[in-house]
Every structure is written in C-alpha cells, then in structure tokens.
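Chain residues, written in single-letter form:
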Amino acid sequence: MTMKEHSHYYVPESSWYPAWAALGIATMVYGLAVWLNDSKSGSENPTVFLFFTGFALLSAVLFAWYGKVIEENHQGLANAQLKQSYVWGMAWFIFSEIMFFAAFFGALLYSRNFVMAWLGGEGGKALTGDYLWPAFQAVWPIVENPDPLVFPNPGESMAPPPLSQWGSYLPFWNTVILLTSSVTVHMAHTALKNGFRDKLKLWLSITVILGVIFIFLQIEEYVHAYQELGLTLGTGIYGSTFFLLTGFHGFHVTLGTFILFVQLIRSFKGHFNREDQFGFEAASWYWHFVDVVWVFLFFFVYLY
Amino acid sequence: MNAVLESSHDAHHHGPVNTGLKRWLFTTNHKDIGTLYLWFSFSMFLIGGVLALIIRTELFQPGLQFIEPEFFNQMTTNHGLIMVFGAIMPAFVGLANWMVPLMVGAPDMALPRMNNLSFWILPFAFTMIISTLFMPGGGPNFGWTFYAPLSTTYAPDSVTFFIFAVHIMGASSIMGSINIIATILNMRAPGMTLMKMPLFVWTWLITAYLLLAVMPVLAGVVTMMLFDIHFGTSFFNAAGGGDPVMFQHIFWFFGHPEVYIMILPAFGVVSQIIPTFARKRLFGYDSMVYATSSIAFLSFIVWAHHMFTVGMPLAGQLFFMYATMIIAVPTGVKVFNWVSTMWQGSMTFETPMLFSIAFVILFTIGGFSGLMLAITPADYQYHDTYFVVAHFHYVLVPGALFSIIAAVYYWLPKWCGRMYDESLGKIHFWLSFIGVNVTFFPQHFSGLAGMPRRVPDYAMQFADFNMISSVGAFLFGFSQVFFLYVIIKAIKSGQPASDRVWEGAHGLEWTIASPAPYHTFTEPPVFDDSEVHS
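Protein chains in written order, with the numbering used here: chain E, -5 to 298; chain R, 134 to 667.
It cannot be assumed that every hint is accurate.
If you only want the chain R side, here are some residues facing chain E, beta carbon under 8 angstroms, derived [claimed, not checked]:
(1) Met261
(2) Gly375
(3) Pro377
(4) Ile383
(5) Gln450
(6) Phe452
(7) Ala456
(8) Gly550
(9) Asp554
(10) Ser556
In short, the hints are calculated from the structure, not lab data. Where a beta carbon is used, it is the ideal one built from N, C-alpha and C, also for glycine.
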C-alpha cells in the first residue's frame, strides 16, 4: 500500500478553487431557497439570478479545478500513492450516494409495508386508520388517497402490464437501455486497457447516446404521467416516492452521461493510456452504480 | 517537469506561500485547515453558548420574564443545531486535520484542496442558519431534531434556508470523511500497520465511515421535507398516505450514529491522553479497537429508542430496547480499559489528564442515564423530560466537549510551540467541572419529577432546581471565556515547549519539532515500535 520507491506525494502549495467553489455552492443554494420561497409566496417574478450565478460560478471553478488536476497528472506530479487516494475517494463517494438512495428506498418500503397497513386499519396501529379515514382502502399502488381533498387522487399508476405487453412498457425499455449501456462502457474500458483507441471512442460514444436516450425516455414517461395518467408529485405517497426515486436517479443519469461525455472528449484529445486512466474508470464506476440503482428501482418502484 | 518538481520540493522547507487573508482562504495545508476548523468551532461554541444562556436566563425563575415562547423555541433549536453541527463536529474534524497526518506520518491530508473546500463551506452554512433568526417569521423553531410536521406544515418560511444549510454542511462532512479515510488507509508511514495506529486515528477512521453512511440519509430526509413544503409531496403527511413518524425513523437512522460521531473521536482523544499521564501503555488496545467497531455497528440498529412513545409495535420496542442495552457492553469495555490503564500507573494530573479523568467519570454517568432511558417502560416516564436533557448533556459536555478541551491542552504545545499556564489550566478545569455538574445534575431531578423539556415556563415545584441550573450555566459559560484567555495567553507568551512536550507521550507527532513545522513528513518517517503509543 505504501510506496517503496522514492516519490513525492504532491501537495499543491495553495489553491483558489475550493474557496471559490464554496462561495459558488453557498450562492447557489441560497439563491435556490430565495427562489423557492418567492414562488411559494406567489411572486410572479421570483428572484432566480442568485441561483444561476452560483451555479455558473461553481461550474466554472469545477471546470478549472478538474482541468488543473488533469494537467498536474500530465506533468507527472501525481504519483501512484496520490492516484490511490483518488481511487479511495471515488469509491467512498459512491458509497455515500448509495446511502442517499437508501433513504428514499427506505421511505418507499416503510410507507408501503407499514403505513399502508395502519391507515387501512390493520396491524399494531390499526386504530389510526379506523379513526382518521375509515373509508381508506389500503392498496398499492394507491388508487384513492386517505384524504383526497388535501391530496388529489392519482389517476393511474406505473404498474406493469402483463408480460406479453412489455413491448410497449417504457420502463422495460429503459431497463434494457441502461443494462446495455453498462456493457458498452465496459467494452470501452476493455478497449482502452488494450490500447484500441478507436474502439474506445466508438463504445464510449454509444454509451453516451444510450444515456441520452434514457433521459429522453424518462422525460417522456413524466410527461405521460402528468398529462395522461394524472400521476403527479402532489397525488399522495405513491407519486411522492415514484417521482423522487426516479427523479433523483434520472438526475444521476444526467450527471453520469455528462461525466462520460467529458471522458469522450478527453479520449478524442488523446488523454488516458493503458496504465493511466482513472478519470475514465471513475466515470465508468459511477455509471455502473447508476445502473445498479436502476435495477433496484425497476424492481421496487415498478414491479413489486 | 523537473523544474516544477524541484520548485515544489524547495518550497516544502518554507512556510505558507500566501500571507494575510489569502493564506487562510487558499490554504491546502492540513495544519492551517485544522486551525481554521478549531477557531470556527470555538466561535460557534460561543454563539451556541450565548443561546444556551438566553434559555437559562428565561428559566431562572418560573413565569415568562425575558423572551417570548416563540423566540424561546428558536433558541433551543438553534442552540442544538449550532452546538452539534457547528461546535462539536468541526472541532473533531479540526483535531483530525491537525493530528491524523502527524500521527500516521503523512505529508498532508490525502486530498488537500478538497480539504479546504470542506472547511470553507461551513462558514457559509452557519451564516445561513444564523441569518434565519433575523428573517420574517423567525428562524427554525421546531427543535434540533426538526420533527415533521412542525418542520414542514407548520414551519416558518426560513426552514428552506435551514434545509439547504443542512445539505451543504452534509456535503462538507462527506468530503471531510472521504479525506480522512483516504489519508488513514493510503498514507500511513511504512511499518504502521492498522493495529499499530494510535487510537485517535482508529476512532476517526470508524467515525468517518459512520459519517459517510448517515450524512446522505440526513440529506435524504431534509430533501423529503423540502418537497413536502414546496412541491406538494406527502412523505410526512398521512392524508396522502405518508407518515410523520416516518420522519422520525429516517431522522434517527441518521441521528443515532450522529451521536456516536460526536463521541467516538472523544474516546480516541482520551485513549491518547490517559496512557501519557499514567506513563503506561493503553490497557487492552485490541479490545479498544473492537469495542469501537462494535459500538459503531450497533449505532445503526438502535435508532428507534428515541421514539419509544410514538406507538411502535411491541416487537419493535423490545428489539430496540435490548439492542440499546447491548451497547453498554463495548462501552463498559472501554471504561474498564481506561481505568485499568491508570491502575498502578505513575500518574500526574496536568490539565489534559484532569479533563480526561473527568471525562471517564462524567461520561459514564451520562452512559448510565442512557441505560435508564433504554428501558422502554421507564422511558414512557422519562421521555421528553429534563432527564433526557441531563442525559445527553452529560455525554456531550463533560463527554465530547471535555475531550476536545483536553485535546487542545494536550496538543497546543505541539501546535504553537508554547505551553499553557498550568495553574490557569487547572483553574479552568475546576470551574468547568463544577459548572457543568451544577448545571446538569439538578436536571436529572427536575426531569424525574416530570418537568418537560423545551418549555419557557414551568410549575413552581421545579423552581429551585432550575435556579441552581441557571447559576451553573453562567459559571460554565464564563469559565469557557476564561479558557479563551488561557489559550491566547499561551499562544502569545507561553513558555517554549520541548519537542516531546510530555515525558510519557509516544507517537510520531512527538518526534517532530514544537511548534510543528509548516510541512512535516514530506519524506515518510521511520516508524518503529518505540513510538507505538498503545
């Protein structure tokens, strides 16, 4: 684990990126809070510029920061031990992301398995349902909310049709697309490790395209849900869990696609070689992670 | 390429490249960043302390004297938030920044720029939290545990700022944890195997994993709040099929490990200090490591003991009661080991040792009241009373905070090259020790007698205990201002410290000069067993 040969662990003397990134993050979230509160109070022209200023600042700093890290690597400043730090960093970052999704999966399973029963008048807290909304029918996906005056009922759910009709079931195709993209990104990685640059670019391009198609279909599904099924964020716990789980996943796919796209540009610029490719590898780990989350989503949100 | 390498190599022998404000804003140096964390944490400690004294002023006598109940709620909420997230946690991160690279023989933290980012997010986050107090509708008033629906349906508008502040301080914690893990796993000096690491390093490694596992869950739960408030979801509203109690489950899944995030590094600090002043090796090093790991594991399966009274199924109550009690076993192992380390040691009682011994005794009292609270039927009586307040203040103030103070006295000579004044340190200790007990011990009694927590007014029967408590709180508060004086005096005009500082101290941090040079261990040091501390 520790380096035997003599080489310096590169520690930059100072850096302006992080302090500016912190300013960007703070401006962005402060601006978002102002925006949301303005909208909630019914303002016609919510203040949005703070959010976008912060976002732009953060993006610019990250662009410069990552560029600098790549440049330092090309200068030979990053020794094997430093690269190992990046490996640990990425691995445990993904672990923290898994825990973020775990919170939402937990909310889904808890509402579905415990809250539904109690509101429906069964189990340890059955009186809750009996006293509050005795008419409520505990079925999942929810057809009618406990109090439809507060939370309007959803029209239809995302539950799957019989297996024979899966050909027109969009989430099934999304599953196929993402699983395929996990294979293609692996093909790209193998090509890179074997030094086949053209194959790397080809497979990576295919992966990025698959990512974009997935995002496109997901938007399509949301439009369908809102306009035709009457399923929205405001239609009770089914819609809440459905949109937040798929929404955060979709957000991660978007981010992952962008990261892979950056790796694609870097491949065209001649970055990476057979031994040194952690930027690409980290992106592909992230992509596999997003893929695995989808498999769980497909099972627990759509099928189960 | 060579020119770059050489110039950076040369610079390692010098101090910071920037001066003034730029040094602190743009620094990548673990010592600078550790110092920033520690001063930030101390300033938050003073602000949180002022809020506590406002609370204690109002509670000095029954009746409403000074502040409105609505403002009182904002004080309890922000006191908790600022102390937990602004004072205790950053103080430990500051200690980790300063000491982990020195203790494992690393040139710096593994990811120095990200380290700077982790810190500089915090002043923004807490400016945002404190600014909510001045917003229309007031600041967060729902308690530091921000239970829904108080924090959603009935929350002031400023809750949105609170939510985002929690998001970014969580991001800061996650980046900090990743940095600590990478440093410990990847950058130890040759020869320092995992089981030869100083215990402070071990406890921080485990703490970092706890943070990584639960800060995202906290982010998840505040995100659900955000959507309930602004986008019409019904996570915590039963009218839409959600459940306010679900908030408590998710919150405490974060919250209980969070409690241990604030105490495990304290265990590490005390495990460094007691062997030094007992002039013995730590008793039962291996069992300390295993006990810490067990406590960390158990912290994930006890969360619902915070919510025995919400109406859980019986099986759940039994499970969480027994699981909670099991924690007493590894905790008992640790207390036993500290006492056994002191047994027949050549003990001296310098200030860090006094704080550490007080830690062992008073933390144990807090642990025992925790065991009482773990008993489900008894908890029905204690729940939401001052007994709970007394319990967690005993583990957090003479527990976590005393260990931080002990660590500052212990390592300050290494940081600034000067000794504090031992007499002043001892005065500070006795004032704090008396203050903390006068403040919190009576709260056990008022709690057992039924005084609810988070109330600005109370029945006459609790008047005496509350008056004593308030007197103690002011004594404790002023003794921490005195602490500031002792520290500044040491930095300005303390006696020069030797490199080893304490004759019984072992570990790589004592092999370097005092004050620690700006850059240390640019070449991995030789680590032999004579420096194995424990």
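Now the hints, each set against the structure:
1. Met261: This hint holds: methionine 261/R lies near chain E, its Cβ roughly 6 angstroms from the closest one there, short of 8 angstroms.
2. Gly375: holds, 5 angstroms
3. Pro377: violated, 10 angstroms
4. Ile383: With Cβ-Cβ at 6 angstroms, under 8 angstroms, it holds.
5. Gln450: Violated. Min distance 10 angstroms.
6. Phe452: violated, 13 angstroms
7. Ala456: violated, 18 angstroms
8. Gly550: violated, 22 angstroms
9. Asp554: violated, 35 angstroms
10. Ser556: violated, 40 angstroms
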